[in-house]
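Chain order of the listed sequences is A and B. This note's numbering numbers the first residue of the first sequence as 1 and each following residue consecutively. This note's numbering numbers the first residue of the second sequence as 433 and each following residue consecutively.
Worth flagging that the hints you see were computed from the coordinates, not collected in a lab. We treat Cβ as the ideally placed atom computed from N, Cα and C, and that holds for glycine. There may be inaccurate statements among the hints.
[What the hints assert, rightly or not] Simulated restraints on C-beta separations:
1) F76(A) / P448(B): 54 to 60 angstroms
2) A90(A) / R437(B): 49 to 55 angstroms
3) F76(A) / V705(B): 37 to 43 angstroms
4) R466(B) / G273(A): 54 to 60 angstroms
5) A250(A) / R466(B): 55 to 61 angstroms
6) P53(A) / M460(B): 39 to 45 angstroms
7) E486(B) / F76(A): 27 to 33 angstroms
8) F76(A) / I450(B): 54 to 60 angstroms
9) D587(B) / K421(A): 56 to 62 angstroms
10) K421(A) / K724(B): 43 to 49 angstroms
11) Q494(B) / D136(A): 31 to 37 angstroms
12) I713(B) / G120(A): 14 to 20 angstroms
13) K378(A) / D587(B): 43 to 49 angstroms
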Amino acid sequence: MRRQWLATIAMAGLLGLAACGGGNQTPSGTQATGAAGGDSKKQVEVFSWWTGPGEADGLKAMREIFEKQNTQFTFFDAAVAGGSGDKAKALLKTKLDGNQPPDTFQGHAGAELQGYIKDGKLEPLNSLYDELKLKDVFPAQLIEQISVDGQIYSVPVNIHRSNVLWFNPAILKEAGLAGAPKSIDEFIAALEKVKATGKIPLSIGSEWTVAHLLENVMLGSMGTDAYNALFKPGGNWAGPEVTTALQKFAKIMEYAGDPQDDWQPAAKQVADGQAAFNIMGDWAYGYFHNPPDGGLGKASKTDFDWAPSPGTEGTYMWLSDSFTLPKGAKNRDGALAWLKVAASKEGQDAFNPKKGSIPARKDADTSLYTDYLADALKDWGGNKLAGSIQHGVSVSQPHLAAIGEAVGLFMGTKDVAGLQKALDDAAKANIQ
Amino acid sequence: MRRARTWLPGLLLVAPSIVAIGVFVYGMLGWNFRLAMTDKHTSRQQDEQFVGLENFIAIWDQPRWHLSVEHAIKFTVVFVVGALVLGWFLAFLMEKGIRGEGTFRTIYLFPMAVSFIATGIVWRWLMNSGQGERAVGLNRLFDAVGLPQWAWFRDQDWGMAAMAIPAVWQMSGYVMALFLAGFRGVPEELREAARVDGCTEWGVYRHVVLPLLRPVTLSALIILGHISLKVFDLIMAVSGKQIVTDVPAVFMWVTVFDSDDPAKGATIAAYIVLAVAIFVIPYLVWSVRKEKDR
């Protein structure tokens, strides 16, 4: 009996020890790798959501430059898959809340980045900007979007365009259309004509692509100045201009095909000749144009063609990926070295042709950017600018979540007044 | 001292798990309920105030909450009834002693070994909403055999019923195993006695076997019900965070990570716990009472 008793206590003690051991393992493990890294080469953890074809190639090109210039550091790719950063941002939030930031992370310039700035998660980069004279090479409006109170918080690497109408020239011909529609009303008429041919007038993907469509219809219907005013304090989301835009949006949605899984299958319907139109950002160009394996290998101007989305000619609805310096980065010097590469002409010209975007710098080598990218580069220089909603320029993350919710509910109810009320409530709650 | 010898060793053995469960389950539950009763509506807010049940009431003003609750109910009804009926039917066939029973049993039980994420990814393709010449997956099959095609989980009204199909596929084998054990537990003598009394074969099931299966049915109902009310992974794999298939668990995730509203997220989590408790607590009471009777 006594022996049994002892054995039990011994067992319990062992279990307790094991539990403590288990608890200790994680932190000491992390420290060990940190220390080991310090001996030889310090690693730089770069967090992004560039894992897809094109974007991952671009990241790799920039990484090669970084490693050549900084032999004392090793690059650690902490990319998390998922379009538009869906899953990456959830993981990033837990890392930042736990004060275990990566050394540098990707964020959309604009209101999304300002969320991190207001939370006090980022270090200002003014000294880097002064050292490299970056204020002269980035457009002023872009710098304004990544600043709070005169402090600049990130290094933009690229510019994407949201307001692009992709279309299938053969279907347009079949429907008797001379070219891409220039206004929202022309667009609705064109959709009606395509419908008569039996093809899908407008392809859509999952719900976020419908929110993307909404920002384009609002911009096209309201005009650039009225659209931009929506996001300033006191922006009027309840007014008649928004009502008209939403009614047109509802009308356009009547011509939409079955929702596809994501933006790629929706874009593919245009390239495959099943659908006439698709409104998507210019990352679709890489998908259409790149050789099979990552892209569809289609010929531009014959299999697919593009124009500014209806009613938005002369306006560049932009978004930009940028890199940051989080407070408490373990390898601050390494992060700064990465930011210097990301800011450099060489780095941006290596990254962007592969990613299918144009560089944020004004002094890029234009010969590298051909076909669609040449058009984009030209328009970026001369157009008025508007900020994308879905891609974090004009609205913060919580505001965007509320807009996504309103659009999703609208797809079930088709209630324009309800949509406008939800958008108005979201703006009142989120724009101060 | 002598008395302590009888209970102390046992207590010491289970103490670590009691402590772990106390902290990581009940402690966290309590923390969640406390958070749900504050006004911490952004994560950067530090001085949250106690607001009682305000969040629990306010959420009923949100159209999305009504929709996600409605979706959860539709999903639960189709999933639980579907898995029970199909599982019962499979067990009934097995019980008749068909040839190759062991093989069939393994085949029906196999989907259990797959995670909901993997199931979801395959069924997302099977339930693609493309129709006619764009049809793939099930719609292609239905097209070929002349059945009507459907938008599946993207249908605004009955999408959640389609969403339950992969779950039924996955769990009905497990229900079959439960019922089969139940069937085997019915003594042959009872059936024979009924037959001797002139009962038809259907009558034997109706009046002898089914009543004896009641405890098994109840366990299956509880297990399926609580899986169903907190379903998250299957929905994320099939549809992602789209409103058309929104359920409370997905709503909670979006609320915490995208909308950055911890108090509201905790409120939704609390409602999920309460909904599961409605299933589980009566079952616990019932089983404790039954054990006392013994």
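Hints, verified against the model:
no.	hint	result
1	F76(A) / P448(B): 54 to 60 angstroms	37 angstroms, violated
2	A90(A) / R437(B): 49 to 55 angstroms	52 angstroms, holds
3	F76(A) / V705(B): 37 to 43 angstroms	39 angstroms, holds
4	R466(B) / G273(A): 54 to 60 angstroms	58 angstroms, holds
5	A250(A) / R466(B): 55 to 61 angstroms	43 angstroms, violated
6	P53(A) / M460(B): 39 to 45 angstroms	41 angstroms, holds
7	E486(B) / F76(A): 27 to 33 angstroms	45 angstroms, violated
8	F76(A) / I450(B): 54 to 60 angstroms	41 angstroms, violated
9	D587(B) / K421(A): 56 to 62 angstroms	26 angstroms, violated
10	K421(A) / K724(B): 43 to 49 angstroms	56 angstroms, violated
11	Q494(B) / D136(A): 31 to 37 angstroms	48 angstroms, violated
12	I713(B) / G120(A): 14 to 20 angstroms	44 angstroms, violated
13	K378(A) / D587(B): 43 to 49 angstroms	45 angstroms, holds
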